[in-house]
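Peer 1: Chain A is already provided as a structure; the job is to place chain B on it using the hints.
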Amino acid sequence: MSPTSVPSKDPEAGGNPKAVQDREGTGTASAPKAAGTAPPRAGRTGGRSPLARFLIRRVLTALLLAVGITLVTFVLTNLVPGDPVAANLGQRALGDPTIVAQWKAEHGLDKPLPQQYLLHLQGVLQGDLGTSQQSHRPVRDDLAEAVPATLELAGVAILISLVAGVAFGVIAALRRDRLSDHLLRILSLVGISVPTFWLALTAFYIFFYRLQITPGSGRIDPGMSPPPQVTGLYTIDAALAGQWDVFASAIGHLATPALVLALYTIGLLTRFTRSAVLEVLGQDYVRAARAKGLPGRVILFRYVLRSALVPIITVAGLAFGSLLSGTVLVEAIFAWPGVGQYAFKSATSLDLPAVMGVGLVVGAVYLVINLIVDVLYGVIDPRVRLS
Amino acid sequence: MTLSISDLKVTLGGREILRGVDLDLRPGRVHGLAGESGSGKTMTGLAVLGLLPHGARATGRIALGERDLLGMSAKELNTVRGGEVAMVFQDPATSMHPMLTIGRQLTEHMRHHLGLDRKQARARAVELLGQVRIPGPEAAIDRYPHQFSGGMRQRIAIAIALACSPKVLIADEPTTALDVTVQAGVLRLLRGLCDDLGLAVLLVTHDLGVMSAVADEVSVMKEGLVVETGPRGQVLRDPLHPYTRALLDSLPGETA
Chain A
1 MSPTSVPSKD PEAGGNPKAV QDREGTGTAS APKAAGTAPP RAGRTGGRSP
51 LARFLIRRVL TALLLAVGIT LVTFVLTNLV PGDPVAANLG QRALGDPTIV
101 AQWKAEHGLD KPLPQQYLLH LQGVLQGDLG TSQQSHRPVR DDLAEAVPAT
151 LELAGVAILI SLVAGVAFGV IAALRRDRLS DHLLRILSLV GISVPTFWLA
201 LTAFYIFFYR LQITPGSGRI DPGMSPPPQV TGLYTIDAAL AGQWDVFASA
251 IGHLATPALV LALYTIGLLT RFTRSAVLEV LGQDYVRAAR AKGLPGRVIL
301 FRYVLRSALV PIITVAGLAF GSLLSGTVLV EAIFAWPGVG QYAFKSATSL
351 DLPAVMGVGL VVGAVYLVIN LIVDVLYGVI DPRVRLS
Chain B
1 MTLSISDLKV TLGGREILRG VDLDLRPGRV HGLAGESGSG KTMTGLAVLG
51 LLPHGARATG RIALGERDLL GMSAKELNTV RGGEVAMVFQ DPATSMHPML
101 TIGRQLTEHM RHHLGLDRKQ ARARAVELLG QVRIPGPEAA IDRYPHQFSG
151 GMRQRIAIAI ALACSPKVLI ADEPTTALDV TVQAGVLRLL RGLCDDLGLA
201 VLLVTHDLGV MSAVADEVSV MKEGLVVETG PRGQVLRDPL HPYTRALLDS
251 LPGETA
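Protein sequence lines correspond, in order, to chains A and B. Just so we're aligned, residue 1 is where the first sequence starts under my numbering, counting upward by one. Just so we're aligned, residue 1 is where the second sequence starts under my numbering, counting upward by one.
Everything labelled a hint here was simulated from the structure, so no lab data went into it. Model, not experiment: these values are computed from the prediction.
Label pairs and their calculated CB-CB ranges:
| no. | chain 1 | residue 1 | chain 2 | residue 2 | range |
| --- | --- | --- | --- | --- | --- |
| 1 | B | Glu36 | A | Gly282 | 22 to 32 Å |
| 2 | B | Glu36 | A | Arg175 | 29 to 39 Å |
| 3 | B | Val180 | A | Val67 | 48 to 58 Å |
| 4 | A | Gly216 | B | Gly55 | 47 to 57 Å |
| 5 | A | Thr202 | B | Gly55 | 39 to 49 Å |
| 6 | B | Ala123 | A | Ser322 | 42 to 52 Å |
| 7 | A | Gln229 | B | Asp142 | 39 to 49 Å |
| 8 | B | Asp179 | A | Gly282 | 22 to 32 Å |
| 9 | A | Ile56 | B | Gly65 | 56 to 66 Å |
Here are some of the chain B residues that sit facing chain A, going by a computed Cβ distance under 7 Å:
| no. | residue |
| --- | --- |
| 10 | Leu51 |
| 11 | Arg81 |
| 12 | Gly83 |
| 13 | Met87 |
| 14 | Phe89 |
| 15 | Thr94 |
| 16 | Ser95 |
| 17 | Met96 |
| 18 | His97 |
| 19 | Met99 |
| 20 | His146 |
Incomplete in silico selection of chain A near chain B, CB under 7 Å:
| no. | residue |
| --- | --- |
| 21 | Asp284 |
| 22 | Tyr285 |
| 23 | Arg287 |
| 24 | Ala288 |
| 25 | Arg290 |
| 26 | Ala291 |
| 27 | Lys292 |
| 28 | Gly293 |
| 29 | Tyr303 |
| 30 | Arg306 |
| 31 | Asp381 |
| 32 | Pro382 |
| 33 | Arg383 |
Ideal Cβ positions, reconstructed from N, Cα and C, are used throughout, including at glycine.
Looking at chain A on its own, in the form it has when it is part of the complex (with noise of 0.2 Å):
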């Protein structure tokens, strides 16, 4: 990317001859000629809508990554060395060579490799992701459930870490070198170095077992019932069915858990926020704001920030899939019933088509926050909407 240098090409080549004409003749002369060669570059530089094309490159090449996901998850499941069949039925049965040949040809494991992967493929077209053979369910069925359970905790927590973490990243960049500069390194610096996990059954013991402040495990409390799914979402649902009881009780449930698993991307995002704030700070279009009198508030909204925030959601891109990850271990201490806990149970017992499953929707979270950053950029920098 070389943003300055690529697309200045063309308006030089067209700006030279005026500069020499403004030497030569009067501004009023070379005015209407000028006027002439303008549309033509702005129709080239400008296109239609090069934020719609931008957009349409971007989703067109998440597809094909979408299909490369399915390969890779495909091929890994089958190279795990183990055998579902034996992970799935029982002594006697294993003995019986009709009873394998039959539960092999249920599940489409007779087939040679490539042909169980079309088929795969197929099945993943039409949204059929197969039969877990732990729950004997739809394996979309148990994730319907799973993810937004996970959702639900990791965006909860993404939004705690962007607003803290930039807010924490902003003030200690303002105030380099002072107090509240050295407090927030501290902070970032453990929360990046303490173990999430650690962290989880402290606050665990602490904040439920010892001080009784915060509710135990789970989503809500024990005696209440789920709210009626539109979203998946316990809070959401919630409060579009009108239950402030479940809702309270949900935000509860989330509290600990969301922040245990912020701390670290808390931690992530105050240093990269403080040294992308410093590094716009320096810049040279940061001083001629203050040469036009600009009050400060606007010259760190609209021009700090602004620059600052390209390196920062990249980084927010990064710490949401670190926070999926994070939570298999957060899920197991909370019992939250999320697609970590999914994902481990159904790994540890060789259940093929459901690990398979949550690989493709891993995948396709990371492809979603890849896309979105991308969009996102080109809605900040005109920069790499225009190039």
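Peer 2: Just chain B now, kept in the frame of chain A:
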């Protein structure tokens, strides 16, 4: 309005960068400030707008009319910045925000200082772009800085500086980052604006060729001090100070 700097001293990290600078800018005159790198030319320019680097301390007096800019509160200084004293920076590629349209960058301080509404500010912006001879100002206003060549960008930067009709313009090496072919056009523009609008211009440059082309008065700086001041013809043709002579002698060929 005149700007007179007297006994300006700036210290940064225990080092004295300016050691008592005196300069007078008058309306309709271009005052050239020459000197080698590190002689304090740019610092003098930045000190006027209170844009010195973090940790720098300035003493002395910078009088804009009757008011002392050095004694002003941050809020008062903000009304002077961009409003009465404006600045053009060295590199137009970095002195404009790459993610904001030039229309935005032309109008935001007008709206802030002059209280114009969106429409009025836009109309004035188009007028300004025409004044600095940007072709097709109506279309240009919605584009981004990277869509213009270096010379055009510096013209736009000058338009931004002129937006609130300042009395004093500080131009910090405004042509150094530009092609030689474009330099003359930008200098001519500055000179014309100075004459037409009665601006007091401080032209900071290390290029004596540039100086001889547009400046009325010339000051030469060395190690944080002004060693010589006078009308252009006298300083460049008949220098009194040995350092000025050395600077002139170091020019290749017939440039001076």
